[in-house]
Amino acid sequence: MGQQKQVILTRYLVLLYGIPSADTFRRVFQHLDAKVFHAHNRRFTTT
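Per UniProt numbering, the very first residue in the sequence shown carries number 1; after that it's consecutive.
Be aware that a few hints might be false.
Taking lysine to any residue and the SDA-like style, the derived pairs with C-alpha atoms no more than 25 Å apart in a straight line are [unchecked claim]:
id : residue 1 : residue 2
1  : Lys5      : Leu16
2  : Lys5      : Thr45
3  : Lys5      : Ser21
The hints are simulated quantities; they were obtained by calculation from the structure and are not laboratory data.
Make the full structure from the sequences, and use the hints.
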């Protein structure tokens, strides 16, 4: 799936080592405050 989204990801991320694995994304999201992420994500996707 990550390779299918590579064009989108490279708009927001510098992928020096290629597409991050699902485990990497899981570890990142695990450290985010869910309420804050939801609020920012909702605002981002509706603009």
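Now the hints, each set against the structure:
no. : hint           : in the structure
1   : Lys5 <-> Leu16 : holds (16 Å)
2   : Lys5 <-> Thr45 : holds (16 Å)
3   : Lys5 <-> Ser21 : holds (12 Å)
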